[in-house]
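**Student:** Starting from the structure of chain A, add chains B, C and D where the hints point.
So the chains spell out like this:
Protein chains: 4
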Amino acid sequence: MSTLKKFDLSEIPYYKVHGRTIPKIRPLPLFYNGSAVELNVSGCELWVDLEVSWHTLEIWVTIEVNGAPVSRLMLMPGNHSLCLFRGMSPEPVKNVRVTRETQAMTEDEDCCLIVHGFQTDGLFYPVPQGKYTLEFVGDSITSGEGTYGAIGDPDWIPMYMSYSRDYAKMTAEALGADACIISKGGWGVLSGWDNNPNCNIPSRYEQLCGLCCGSKNESLGAFKPYDFSTRETDAVIVNLGTNDASAFLQPAWHDPATGRTFKQRLNPDGTCHKEDLNRFEDAVVSFLHMLRRHNPKAHIVWCYGMLGYELSFAINDAMTRYIRESGDHNVIYLQLPNTTEETVGSNGHPGKLSHERAARVLTEYLRSYLSL
Amino acid sequence: MSTLKKFDLSEIPYYKVHGRTIPKIRPLPLFYNGSAVELNVSGCELWVDLEVSWHTLEIWVTIEVNGAPVSRLMLMPGNHSLCLFRGMSPEPVKNVRVTRETQAMTEDEDCCLIVHGFQTDGLFYPVPQGKYTLEFVGDSITSGEGTYGAIGDPDWIPMYMSYSRDYAKMTAEALGADACIISKGGWGVLSGWDNNPNCNIPSRYEQLCGLCCGSKNESLGAFKPYDFSTRETDAVIVNLGTNDASAFLQPAWHDPATGRTFKQRLNPDGTCHKEDLNRFEDAVVSFLHMLRRHNPKAHIVWCYGMLGYELSFAINDAMTRYIRESGDHNVIYLQLPNTTEETVGSNGHPGKLSHERAARVLTEYLRSYLSL
Amino acid sequence: MSTLKKFDLSEIPYYKVHGRTIPKIRPLPLFYNGSAVELNVSGCELWVDLEVSWHTLEIWVTIEVNGAPVSRLMLMPGNHSLCLFRGMSPEPVKNVRVTRETQAMTEDEDCCLIVHGFQTDGLFYPVPQGKYTLEFVGDSITSGEGTYGAIGDPDWIPMYMSYSRDYAKMTAEALGADACIISKGGWGVLSGWDNNPNCNIPSRYEQLCGLCCGSKNESLGAFKPYDFSTRETDAVIVNLGTNDASAFLQPAWHDPATGRTFKQRLNPDGTCHKEDLNRFEDAVVSFLHMLRRHNPKAHIVWCYGMLGYELSFAINDAMTRYIRESGDHNVIYLQLPNTTEETVGSNGHPGKLSHERAARVLTEYLRSYLSL
Amino acid sequence: MSTLKKFDLSEIPYYKVHGRTIPKIRPLPLFYNGSAVELNVSGCELWVDLEVSWHTLEIWVTIEVNGAPVSRLMLMPGNHSLCLFRGMSPEPVKNVRVTRETQAMTEDEDCCLIVHGFQTDGLFYPVPQGKYTLEFVGDSITSGEGTYGAIGDPDWIPMYMSYSRDYAKMTAEALGADACIISKGGWGVLSGWDNNPNCNIPSRYEQLCGLCCGSKNESLGAFKPYDFSTRETDAVIVNLGTNDASAFLQPAWHDPATGRTFKQRLNPDGTCHKEDLNRFEDAVVSFLHMLRRHNPKAHIVWCYGMLGYELSFAINDAMTRYIRESGDHNVIYLQLPNTTEETVGSNGHPGKLSHERAARVLTEYLRSYLSL
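Chains as they are written, first to last, in the numbering used here: chain A, -5 to 366; chain B, -5 to 366; chain C, -5 to 366; chain D, -5 to 366.
If we strip away everything but chain A, and leave its shape as in the complex, we get:
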């Protein structure tokens, strides 16, 4: 290991960043699950220098070598040099990716993963862009909640979240695309699963990463407007509505600070209250306009169904209204197979098999669309 040379990111000629980022930012924060740094590098050995902080919700990462996953581990707070490979033949160029496995956390203001640099005895080579750029906007499903852990395990813990078994990763890989994830468990289009109206993704979508918190993340630029011009997205895949459906079944949310109350109501016959359903649909329509504004050429695919079809008609109705208002037909509704006893993971969420099945439907659809 004595021959390893330490490189600050600024000294590395080629590396590729996955996920929303600021071009050339150094050091490099990885905000979302799926956010990653990818290298092509020769040499026998490679280490990454990471800065990790969190208070209650730990961060996990995965390591892939030549496209094959080799490691998945929890990171303790502190500065770490993490070995990515060692003992390999020096000449061949290895493709290596270090990926944040766990979602952005609004619950832990210290939660932060920063890449400072690498150490290696090899040389760096260019990393090509993907054939397409896909953006995935979602909730716990897209945060891979339940993709690890035993069926029946009830805990909401970072260990059971992932990008590595996420339909977004599977879809992007099958299409040779780069994926960009913006997701947060429990959040919806209008409100969170518990009727908290602050937990709506659209309100944070325009920030680089509005789904974390704290001064450290702020100092890294997380809350600044995201510059959508840095990349052109081929398709935006929205997978939202599941928590909005949940809100109809949950008690009202009370804001102790303001005294404000919020509740999506059910009628006595079990159907959704018309006004509240309209409120949800308005939020969908509005979000579609926002998505289109920032992604003028992207195909917008609204996916739904992996945890039930409750708001299927409402989403379609909103999409139809959006199309009528905008004349924009570059949108589609794609129902994904519901999760079953055979495909469920931990904490009642879609397991790996459910994500594989969803990814197949989505991949087939996008392959057909993108090849036109």
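One thing to keep in mind: the hints can contain errors.
Since the list gives no way to pick out one identical chain from another, each pair is judged satisfied if it fits inside one copy or across any two copies.
Unchecked claim - Derived DSBU-like pairs: lysine-lysine, alpha-carbon spacing no greater than 30 Å straight-line: (1) Lys291 - Lys268; (2) Lys268 - Lys125; (3) Lys0 - Lys257; (4) Lys125 - Lys346; (5) Lys(-1) - Lys291; (6) Lys18 - Lys218.
Simulated from the structure, these hints should not be mistaken for lab results.
**Tutor:** Relative to the frame of chain A, chains B, C and D by itself:
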């Protein structure tokens, strides 16, 4: 074979008829694909006495013994005694089903399959009803077109249609349900694939079998109003819209007799003309009312997607309108995975693998619904 | 159908015969399961003219069009014109195969299937040879016993035998090879499952088809020496030993005619009696010499295991002895996965899933060997 | 984390050790891949205290929670407290296993993994024994070489070895059995892949762990005779012969220290030299006697084939000789499906899919045997 005894249907104490029928009708016409006669019978040997007629489009049947398919064959016109099994151990009771494999044919007025009786050396035993009754209303997909024949084979022939590889059969078997099929290739909700407005399923739905023709079928009661009270349907699965989508892409249909013309129009930008889309949606709304009138307790599942998602928004919009008009929420829209190069069959239609995949989504949905 | 022209085989310029046959024999007997006649033909319609005879054990055939199975049916005794397809587009050349589904029958001296000719409105085209020629020598497993019929069905009937779900067919198709089957249920290398020493395959192997009986088959040349020079076999796959293992567990066989008795004995501790095991091994060694004599260049693959591994050591020991005696190393022992509850078919025999699994192992082995 | 209590192993009432060990040894060395410590524990959080040492070949471990794999990571030398889970609901009892992923290493005398204790805020509960005890004796296949890493990756590195994707783990889990592995890549029954006659597993089989080296391992008792009486093994699965086959193709091995040379020779015609083959067979016979001596009641299953069938006849011949010499019939030869392009992993070794396929054959065989 000398010990075989010939039984007219009227002499057989127990047999079960699958598909729309008139209770105790003798001889027994099998109008639709999936229409069948099922026996529990002991003895070494069993034959069925059939009357077969057709002019251009031949009839196929399948034979199942104890639930396992053993034979699939083309029937020539004439009266046939067809051996269903022979040489078996006499004591065990065998479950045997003879099923019409090919759809009702409006193109051949002679096309007709009639069961007269059976010959056996065994005894007849009761045949239990299924756990549920499912009605499938569809087009070529539900008529199993393309489920036989090589991929790439372009011919529209009865040999390539089936019930034996149909998602309807797979779904019914997985749920332990009885299936009842009303389907005809090329037909739609508003018009046929070629804009022929006569080829709409709703106009024939209320007849016992409005999807065949000719005086022979008439004499068998095919065109009489179907008596919906003879069975209570648990779920009506509609799989229509694919030919309505096709009509937008096809030339206008001209009726040489009346001079009438019909055409679902596309706008110059490739979207559907609003008036024509409304016309389609009106037909969907109207059909939903009809279905509910005749099946007051049935869950109505509108399936769509096995050959493209083009009218997905329109169907949802129509269903939302129907719900608003009727207050009836006992309906759902279920998108089925599109057919791909890997799952296609002959003549560009869904192959066995596509039907299996659709059946899985539908089965999972119905299992969950029916277990509530 | 008025435009159909009737062709005697002698008038047809191109057709291909599968299975052991006499070159240019007319009419064409199909002796074994898998024996078939294959055509490339244009036209709308095609019929085959068959002569069928049997007394107790009926004959089944399958029909394939462009490689896709479309029909499987029982044939009654008599002369039949059987429609293979109709209503197809006239120009494209269709590949059609009519295949005997049921094995040669020593139990029914009338059992005989003869092809006389075809009727069509099309033209005949050449049919290419397969890339390789494979000969399969076996027992009920290779006769596809149990590949049809429900799990648990106990009957030994032709309806449950097949070539269409046989590992031999699957293997040949995967390799683009022509298959030739010599098999008979219940027979072994040394004796039948019931210790009948006459039921040994080697004693009939050198005849064209020694596994049928009766004067009609005799008149068709069935019992004449097979001319091994008519084709060069690339691999001989032997799948025998299962009935020889059974013989150790069955009572002695008594020949009422001669008073002769035959029994493969078990020791009190459940192991096989050494002398009798040697007798079996001698038969294997001797059969290997016979196979090599007639197939000088063929790779000999002795498969075993689909119904248990009991004689695995004995077969290996005999093969090792054969190699030592002959210096011939062009032989291999290939163990196939045993049949389980998940893969069993009717009558306790390997089902379709077991055949698929065996075919995969065998195909992989042969693909690797043949590509050297 | 302030409430965590540190427990030395001696203070923990219940924990289960997987793999060869000395009862109650503290601290606990984990010598082999698959060697593990398993706990049932309540509480929110659990850490393991490990002592790790190696010089050139790093050690990997995996973590499973409630039977689901959650982490796989490389361990650096030093004393580590590794978090196994955190943030979980305190009451439920979690099953946790920390497993050594990489094989014993004769190449690195420092290579050593020792468990000192655990830290938790929970309580310990009994861990039941498996239904059966299985011992797996093998080479690189059983060491899981190639089960991680990209197809085509040529490196021999610990990162690409595993227990987590090993057929041994899959088989044991499917049967509810405890597995015990003794394996080392490159080693054979008679010699290593490179003709090194010291690299033979039988010479080390009787030691607790003869497949590591160095004074530290010696001080942990690795080279002491293993006490076979500590557990009764139900089946010994031997998967050896692959490197012995390789030796016939490799150059002679020269021992620079003694000047000794060793070579398994091929004849000019490519067959194995009879004397050398006998030498191999003698080694197999002798090893079978050794296995039986130490495992008097175990069913001995000699598996072979995952990387070619070359010595299949020789292994069978040796087994037959062993049976004749010993009268012991409690042995079987089980051929496993060869690895193909579809199932290969990195470094030309069986990948996960090949291990799954092998495990299925082996599991089915053992399930049937063990249920007798």
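**Student:** Each hint needs a verdict: does it hold in this structure or not?
**Tutor:** So, going through the hints one by one against the coordinates:
{"no.": "1", "hint": "Lys291 - Lys268", "in the structure": "between (33 Å within a copy, 24 Å between copies)"}
{"no.": "2", "hint": "Lys268 - Lys125", "in the structure": "neither (43 Å within a copy, 36 Å between copies)"}
{"no.": "3", "hint": "Lys0 - Lys257", "in the structure": "neither (54 Å within a copy, 47 Å between copies)"}
{"no.": "4", "hint": "Lys125 - Lys346", "in the structure": "both (25 Å within a copy, 29 Å between copies)"}
{"no.": "5", "hint": "Lys(-1) - Lys291", "in the structure": "neither (43 Å within a copy, 57 Å between copies)"}
{"no.": "6", "hint": "Lys18 - Lys218", "in the structure": "within (16 Å within a copy, 58 Å between copies)"}
In summary, the structure is inconsistent with hints 2, 3 and 5 from the numbered list given earlier, while agreeing with the others.
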